[in-house]
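Visitor: Chains as they are written, first to last, in my numbering: chain A, 1 to 418; chain B, 419 to 587.
Any given hint could turn out to be false.
[As the list claims (entries may be wrong)] No farther apart than 16 angstroms at their CA atoms in a straight line, the calculated lysine to aspartate or glutamate pairs in the EDC-like style are these:
no.	chain 1	residue 1	chain 2	residue 2
1	B	K582	A	D391
2	A	K410	A	E305
3	B	K582	A	E50
4	B	K471	B	E540
5	B	K446	A	E290
6	B	K425	B	D544
7	A	K155	B	E562
8	B	K582	A	E290
9	A	K155	B	D568
Hints listed in this document are in silico derivations from the structure and should not be mistaken for laboratory results.
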Amino acid sequence: MGYTIAEKILARVSNKDAVKAGDEVMAKPDFVIAYDFPGYTDVIFRQMKEDFGIDKVPDPDRYAIFIDHMVPAATPKEEELHIITRDWCRENGVALYERRGIGHQVAAEVGYAVPGAFVVHFDGHISQLGTFGTLAMGIRRNLLEAFVRERVSIKVPATVRVNLTGTLQKGVYARDVFHHLVRTLGPASCRFQVLEVGGPAIEQISTEGLQTITGLAMFTGAVTAIVNPDKARLEYAQARAKKDIEPVWSDDDAEYAAVHEIDLTDLEPIVVIPPTPANSRNLSDYIGIEINTGYLGSCASGRLEDIKVAAEILKGRQVAPGFQLNVVPTSQEIMAAAGRAGYLSTLAEAGAFVSSPSCDYCFGRMGTMTAGQRAVSTGTLNVRGRMGSPDSEIYLCNAATVAATAVEGKIADPRPYL
Amino acid sequence: MALENLKGRVAFIFEEVDFDVDQIVGVKNIKIQDIDELAAAAMQAYDPAFRDKVRPGDILVGAGNFGYGHPHYPPMKAMRHLGIAGVVAESFSPGYWRGEISMGFPQASCPGILGLVERWDEIEVDWDAAEVRNLTRGGSLPMEPLSFADRSMLEAGGLVGYLKRPTAA
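The whole structure should be built from the sequences, with the hints applied where relevant.
Guide: Written out as structure tokens, the structure is:
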């Protein structure tokens, strides 16, 4: 029997010839990534010194910190957290990326999505580096282990292989594909496993779209997601790579926990209704629900193709009176490209509020809703209170649906606009 | 080092699959720092008299994929403050599992547990036998054994204690 890409990567970083699902190994992450967040990085930095007597990380090139939450700071306390982060990075010689965009996206842009690499973060959405054949896992507070030891303890996960087939219809995007996966396979279908996405239909999904799918993997229960890299994604990633690593691919006879085939041909746009990411429904059943606000952004969506389709829908139109549309490109690089293409001016002319990259709209620090309000959102999550009041509601959908809904002030099907 | 068995009453059964633990305290209370205040908010939506009934050593029982969503730490901090000693569920969501094991809070994955116990039954989680027993009504079910690292973390009382031990590899 052959090996999965995840097993091959974990074998290399564990200094073993081979590992199989279920093996417990001590693995050396190629990169240890975090964003600064109160109770996480500030505590890790303090614990390193006070509990473990570590004044400096021994191998600073393996670490990277992003300041992407609380950007810009709204209170002195938030800015104090950023100061702690800046000071720690300077003292340790660790790379700091501030105001470059949402870290999970920027991590790929600046070269941490190295094909074949093993990356850890405390946040699970780092899984989107899997688009480039990187094994990237959110390990929550166990990230402390990666700051105080060279290796982290990992149980090699089994892999669930999903082969996408068929042809995507107009108005159906990667976002819909992911939510359809959750609906078809179930929110626990990949529990403690790796979601490996492949099949002929991924040819129709852009790199950005694959970042959306892999980035949301945790809502299938997966510990991460991965795609065997193709030429285009290898070229993107290797041109920027911070480390020289030999890429690997799953063997044809790799052993999977399950193999699923999902035909996308009849897939319609999806809406995920509150209050859980498990609630995927056909958008057509929810048309007409009154909506107050729209958010196009986040590490899951908010990339160039999302902004482009929103601009196409809103060109020559206006956001409905009283509707608040927030458009937040995922990174500065994306924002600049969207500016050059004219999308941002189109969106601004339509009445959208266009903001610089920040994680803050996704978890309700900005664009906050009060009780009784409803949002359509391309954010990551729709649990109660995610975007403000626990008595507000979030409907997750693709970027085109956010734009069409902004025009009508109620949940709208984007397809007639395309 | 031995990991002590959990032995206590089933203080509550969360029957909802994919249960979002934040609901235990309610999302509006998730940022409460004061542990007494947080514990007072816990379980209000499920059983307002919970804190009067619960005893140190009691255990929570959950359904499949317990802890799904974006679980935060305060709900289980509140539960520990009220004396809850661990959680036994049909299965767990990985993010929640990792988070609570790193806090040194015992979790046992036991498929079929909802059919084995009723509220207030006394149960025992036997780590070495990898078995959950109903001491009130009899009957037992196998549970999934802990990984070496998870077990070591529970024995050490959590992540920091675990990391202070010498490494095996």
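Visitor: Please go over all the hints and tell whether each is borne out by the structure.
Guide: Cross-check of the supplied hints:
Taken as a hint, the K582(B) and D391(A) pair is broken in the structure, with Cα atoms around 43 angstroms apart against an allowance of 16 angstroms. Restraint check: the Cα-Cα separation between K410(A) and E305(A) comes to about 23 angstroms, which exceeds 16 angstroms; the hinted pair is violated. About 12 angstroms separates the Cα atoms of K582(B) and E50(A), which keeps this hinted pair within 16 angstroms; it holds. For the hint pairing K471(B) with E540(B), the CA-to-CA distance comes to about 14 angstroms; that is within 16 angstroms, so the pair holds.
Simply put, K446(B) and E290(A) have alpha-carbon atoms about 24 angstroms apart, too far for the 16 angstroms limit, and the pair is violated. Between the alpha carbons of K425(B) and D544(B) the distance comes to roughly 9 angstroms, so the proposed pair stays at or under 16 angstroms and holds. Taken as a hint, the K155(A) and E562(B) pair is honoured in the structure, with Cα atoms around 14 angstroms apart against an allowance of 16 angstroms. Taking the CA atoms of K582(B) and E290(A), the gap is about 54 angstroms. The hint is violated against a cut of 16 angstroms.
A hinted pair counts as satisfied when its Cα atoms are at most 16 angstroms apart, and K155(A) with D568(B) qualifies at roughly 10 angstroms.
When held up to the earlier numbered hints, the structure conflicts with 1, 2, 5, 8 and fits the remainder.
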